[in-house]
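Protein chains: 2
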Amino acid sequence: MEAVQHGRRGRRRRAREDSEASASEPRTTLMNCFSPVPFYSDTDIDAIHANALRILQETGIRILHDKARAMLVEHGASVDADDHLVRFPRELVEQAMASAPSEFDAYTTEEHEPVRFGGRSAVFAPVGGAPYASDLEGGKRPGTLEDYTNFVKLVQHFDVLHVQSAMTEPQDVPIRFRHLETMHAQLTLSDKLPWVFCRGHGQVMDGFEMVRIARGLSEEEFREKVYIWGVINTNSPRVLDSLMVQGLIDFAEWGQMMVITPFTLSGAMAPVTIPGALSQQHAEFLAALTIHQLVRPGAPVVYGAFTSNVDMRSGAPAFGTPEYVRAAMGSGQLARKVGVPWRSSGSCTSNCVDAQAAYETQMALWGAMLGGANLLLHAAGWLEGGLTASFEKLIVDVEMLQQMAELFQPQKVTDEDLAFDAIASVEPGGHYFGEDHTLARYDTAFYTPVLSDWSNFGQWSENGEKTATERANEIYRSILDTFEPVALAADRRTALDAFVARRKEEGGAEPDG
Amino acid sequence: MEAVQHGRRGRRRRAREDSEASASEPRTTLMNCFSPVPFYSDTDIDAIHANALRILQETGIRILHDKARAMLVEHGASVDADDHLVRFPRELVEQAMASAPSEFDAYTTEEHEPVRFGGRSAVFAPVGGAPYASDLEGGKRPGTLEDYTNFVKLVQHFDVLHVQSAMTEPQDVPIRFRHLETMHAQLTLSDKLPWVFCRGHGQVMDGFEMVRIARGLSEEEFREKVYIWGVINTNSPRVLDSLMVQGLIDFAEWGQMMVITPFTLSGAMAPVTIPGALSQQHAEFLAALTIHQLVRPGAPVVYGAFTSNVDMRSGAPAFGTPEYVRAAMGSGQLARKVGVPWRSSGSCTSNCVDAQAAYETQMALWGAMLGGANLLLHAAGWLEGGLTASFEKLIVDVEMLQQMAELFQPQKVTDEDLAFDAIASVEPGGHYFGEDHTLARYDTAFYTPVLSDWSNFGQWSENGEKTATERANEIYRSILDTFEPVALAADRRTALDAFVARRKEEGGAEPDG
Chain A
1 MEAVQHGRRG RRRRAREDSE ASASEPRTTL MNCFSPVPFY SDTDIDAIHA NALRILQETG
61 IRILHDKARA MLVEHGASVD ADDHLVRFPR ELVEQAMASA PSEFDAYTTE EHEPVRFGGR
121 SAVFAPVGGA PYASDLEGGK RPGTLEDYTN FVKLVQHFDV LHVQSAMTEP QDVPIRFRHL
181 ETMHAQLTLS DKLPWVFCRG HGQVMDGFEM VRIARGLSEE EFREKVYIWG VINTNSPRVL
241 DSLMVQGLID FAEWGQMMVI TPFTLSGAMA PVTIPGALSQ QHAEFLAALT IHQLVRPGAP
301 VVYGAFTSNV DMRSGAPAFG TPEYVRAAMG SGQLARKVGV PWRSSGSCTS NCVDAQAAYE
361 TQMALWGAML GGANLLLHAA GWLEGGLTAS FEKLIVDVEM LQQMAELFQP QKVTDEDLAF
421 DAIASVEPGG HYFGEDHTLA RYDTAFYTPV LSDWSNFGQW SENGEKTATE RANEIYRSIL
481 DTFEPVALAA DRRTALDAFV ARRKEEGGAE PDG
Chain B
514 MEAVQHGRRG RRRRAREDSE ASASEPRTTL MNCFSPVPFY SDTDIDAIHA NALRILQETG
574 IRILHDKARA MLVEHGASVD ADDHLVRFPR ELVEQAMASA PSEFDAYTTE EHEPVRFGGR
634 SAVFAPVGGA PYASDLEGGK RPGTLEDYTN FVKLVQHFDV LHVQSAMTEP QDVPIRFRHL
694 ETMHAQLTLS DKLPWVFCRG HGQVMDGFEM VRIARGLSEE EFREKVYIWG VINTNSPRVL
754 DSLMVQGLID FAEWGQMMVI TPFTLSGAMA PVTIPGALSQ QHAEFLAALT IHQLVRPGAP
814 VVYGAFTSNV DMRSGAPAFG TPEYVRAAMG SGQLARKVGV PWRSSGSCTS NCVDAQAAYE
874 TQMALWGAML GGANLLLHAA GWLEGGLTAS FEKLIVDVEM LQQMAELFQP QKVTDEDLAF
934 DAIASVEPGG HYFGEDHTLA RYDTAFYTPV LSDWSNFGQW SENGEKTATE RANEIYRSIL
994 DTFEPVALAA DRRTALDAFV ARRKEEGGAE PDG
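Protein chains in written order, with the working numbering: chain A, 1 to 513; chain B, 514 to 1026.
Some clues are possibly wrong.
What the hints assert, rightly or not - Listed next, the in silico BS3-like pairs over lysine-lysine satisfying Cα-Cα at most 27 Å (straight line):
no., chain 1, residue 1, chain 2, residue 2
1, A, 466, B, 653
2, B, 850, A, 337
3, A, 466, B, 979
4, B, 666, B, 925
5, B, 925, B, 653
6, A, 412, B, 653
7, A, 140, B, 653
Unchecked claim - Distance windows between CB atoms, simulated:
no., chain 1, residue 1, chain 2, residue 2, range
8, A, 80, B, 946, 24 to 34 Å
9, B, 766, A, 35, 52 to 62 Å
10, B, 943, A, 502, 19 to 29 Å
11, B, 999, A, 138, 32 to 42 Å
12, A, 425, B, 652, 36 to 46 Å
13, B, 937, A, 412, 50 to 60 Å
14, A, 387, B, 943, 21 to 31 Å
15, A, 412, B, 811, 32 to 42 Å
16, A, 315, B, 974, 14 to 24 Å
17, A, 502, B, 929, 26 to 36 Å
18, B, 943, A, 81, 12 to 22 Å
19, B, 900, A, 412, 49 to 59 Å
To be verified - Stretch-level coverage of chain A by chain B, calculated; a stretch enters the list once three of its residues show a Cβ under 8 Å from a Cβ in chain B:
no., segment
20, 66-72
21, 149-155
Simulated from the structure, these hints should not be mistaken for lab results.
Cβ atoms here follow ideal geometry from the backbone N, Cα and C, with glycine treated the same way.
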């Protein structure tokens, strides 16, 4: 299947690869050619920032982690002993803002350029943490290790997906072993940046050690650069629980990439107004950032934003809405005010891979890209408000992401592009099919889709009148059928297997902080 | 059905309607809050413009209309008598650019504010001229007058569709009567700006007279303001045929709104490079503009742009591609260089109303909106490269357009929006559902979708696991079931019916220029 091979990592040859603009770019980093579009005025962004600082100073954030609270007090915060509410002095927050890096690189294997986070870079990550998986044949079901493994393969396959993620929960694996199995799959099937859940110190440490084994790194080398990433969510409104704070501390201590994401649903866990929800998001982020930067100033961190709205009639979350786009663009402005990379999300509410799933996801995608997102989590495969990781949806989303990536390529118009001679040589009413100018660009002129069917109605009917979703099913299966894992040195593979076996024997790691 | 009533013209109440920003806006004009995003550098746009002027001067455009050629020669153009190739002096073109208005209003009935074209305004028009119609029950079939009439009703229903268009061809009506029937449907079922095809002087004059009857206008009043709109296409590359030139002349003489749209498919009827295709588009537009402004300097005109690319393997056109977005944004820049409103298009290649149809259409929509389009033709209902007008697609597109319209509403953050007191009053880990701040905004806080289903998977399954396309079918049928035509004064209605009867008796008007 030609369409499938097009997306194959390392075999994909884009039209602009030979131009100066992109040839110098590392393969794993996309640069967004659009300047971030401001949605709110600078005055309004300043007001939201000031509001967040006031929330931190006057109402405080509940921090459910003794060591973190003690550290904050040591640095000038006040704590209410009864309810663990920490009030943050403005200077302490601003100190954290100052020490957090604006850009950094993440490293995978020797063969690949690092992945850049920050500036104009745009990194696409697949759906993370969906409890269910689905495809057309199997329908919706609890995620399994087989599902997770298949997602790892698909993510590895497509160049446009730059890093691995949590995709679906392998619910057939006990939770104390789950991190071992998912990390093993990531490191043996893929050479992209791996991911670990912040489900307690033990699981995070296991994850770090497995990455060190697979990449052949000493503890010291590992501490110096980013080799793995993770996310913590605040428990909105205004709570940071112990698992999340422990994740902050572990990732900061080891210098690994931490995305801090408040989950501020406007109208439910955050105010019903978007500026109010953004204020709370910003305050919760800044609280976590302050802890993070106190542990290790300069540790790599990303401003996670996931403000959306709810259906006011049911309280259910909605994604890819106009308010979502507004909140995303405002979040980008707030992240740039802090001076750290910004993470947004692809998302939708739809329960199946239909037109709604596509238009909601693309609304979210444009909000992120116009806002200048540096990391787009849930960019491929997210369905049903994030409850399901869909194999067909991943292919649909990859098509949208590849189109966006193509659109990002900066254009510089040359005389050859202007084509005066070609225009002069074609008769009025004629066509350009046979022109040298056309033939010389036959293979490279236009983006070639992985999923879109451009055949005419007659051909499409003859081919079975398949929807994009049905074709996506065939494509994902075809990729899995021919997938070849990346080569991992035999000694590292053996060590990795042995580590997993030993840790399982030891009982794994419960997510108990 | 609540969702249906939401979109009902005159009954729709948007969240921001009571705010100062939008209350002062006329109902029929949307203002795009995003500044146009430049895609090409100013230098590159200047180079494309200069290239177009060179094409006009050196290679020329074939003008298949004796009177127009004579007029051009009279004003300094040179003509090759053998092949009717007209070469345009730069000064003549620049004179046309200078006299064309940058903004103008179009008028409908006394009850409604005029529709503004130009500046930040964004006018949405449905699909135009599809030979086929389709819906889930009937499938794809040649368009009929019943289909056309049903589309007129749907367009009238939704506020977000600002003007009428050609929707589908009523192939069951002889072509010499077709303009009479379609105009009659527009004027008796709708009070939105009507549309007529440029299929010869006779049809255009009939259309103009019917509008005068329906709106109660003298010939003199009609000439003073815009009351109807039309489109001409160039026969790319570099030909303007007699019907198209006659349309230019008729619309200019009567001061009605003319959209001049080259149909420059990159790789087929235009160069395979987007800057080359844009150069040809720009040259063809400027040639037609020059004729148009010579007929009546200052006549209202819109820069139509429809550059897309073809599938190089089959030569078939593709829409909503990255190249399409690039061409759209570049076209917006070129239209602003000329200083006239810009028309772009919603479009897709998909053969059915699936995820592909949605993502292609939304790509086109964002290209138009970011580029600052003043008129978006084919914004609702376009399917299968424009060959089919789909009833379900119209509903899907209306949802996307309504979301976009909501996103356009400019936001000014107030202290109330910042919600500090609400944030302070909700306990950490609590929720905002019962807060006064929430309840006061319960009905107006968020956009309410017309099509999107935000119910959870269980509810969605219980409701029959309907896709967006299946729900769109129910919605469009429900609107038609309850549609009430606008009131047209009895004497005007009688005069309109009599005019149609008389013209039919006289044999209608063949499209013979």
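- Query: Taking the beta carbons of residue 80(A) and residue 946(B), is their distance inside 24 to 34 Å?
  - Reply: Cβ of residue 80(A) to Cβ of residue 946(B): about 26 Å, so the range 24 to 34 Å holds.
- Message: 32 to 42 Å was suggested as the range; check whether the CB atoms of residue 999(B) and residue 138(A) agree with it.
- Response: Given range 32 to 42 Å: violated, Cβ gap about 51 Å.
- Task: Between the segment 66-72 of chain A and chain B, see if three or more residues pass the 8 Å beta-carbon test, and mark the coverage as holds or violated.
- Result: violated (count 0)
- Task: Evaluate the given range 36 to 46 Å for the C-beta pair formed by residue 425(A) and residue 652(B).
- Result: Since residue 425(A) and residue 652(B) have Cβ atoms about 44 Å apart, the given range 36 to 46 Å holds.
- Message: With the threshold set at 27 Å, check whether the alpha-carbon distance from residue 666(B) to residue 925(B) stays at or below it.
- Response: violated (36 Å)
- Message: Just to be sure I understand the hint, the distance between the Cβ atoms of residue 900(B) and residue 412(A) should be within 49 to 59 Å; is that true here?
- Response: violated (36 Å)
- Given hint residue 337(A) paired with residue 850(B) - CA-CA distance at most 27 Å: violated (34 Å)
- Message: I want to verify a distance hint. Is the separation of the beta carbons of residue 766(B) and residue 35(A) within 52 to 62 Å?
- Response: Check failed, 44 Å falls outside 52 to 62 Å.
- Holds or violated: residue 412(A) to residue 653(B), with C-alpha atoms at most 27 Å apart: Answer violated: residue 412(A) to residue 653(B) is near 42 Å, above 27 Å.
- Task: Determine whether the Cβ-Cβ distance between residue 943(B) and residue 81(A) falls within the hinted range of 12 to 22 Å.
- Result: holds (21 Å)
- Task: Take the C-beta atom of residue 943(B) and the C-beta atom of residue 502(A), compute their distance, and say whether it sits inside 19 to 29 Å.
- Result: About 44 Å separates the Cβ atoms of residue 943(B) and residue 502(A), which means 19 to 29 Å is violated.
- Task: For the pair supplied as a hint, residue 466(A) and residue 979(B), confirm whether the alpha-carbon distance does not exceed 27 Å.
- Result: Roughly 17 Å between the alpha carbons, so the hint for residue 466(A) and residue 979(B) holds.
In summary, the structure is inconsistent with hints 2, 4, 5, 6, 7, 9, 10, 11, 17, 19, 20, 21 from the numbered list given earlier, while agreeing with the others.
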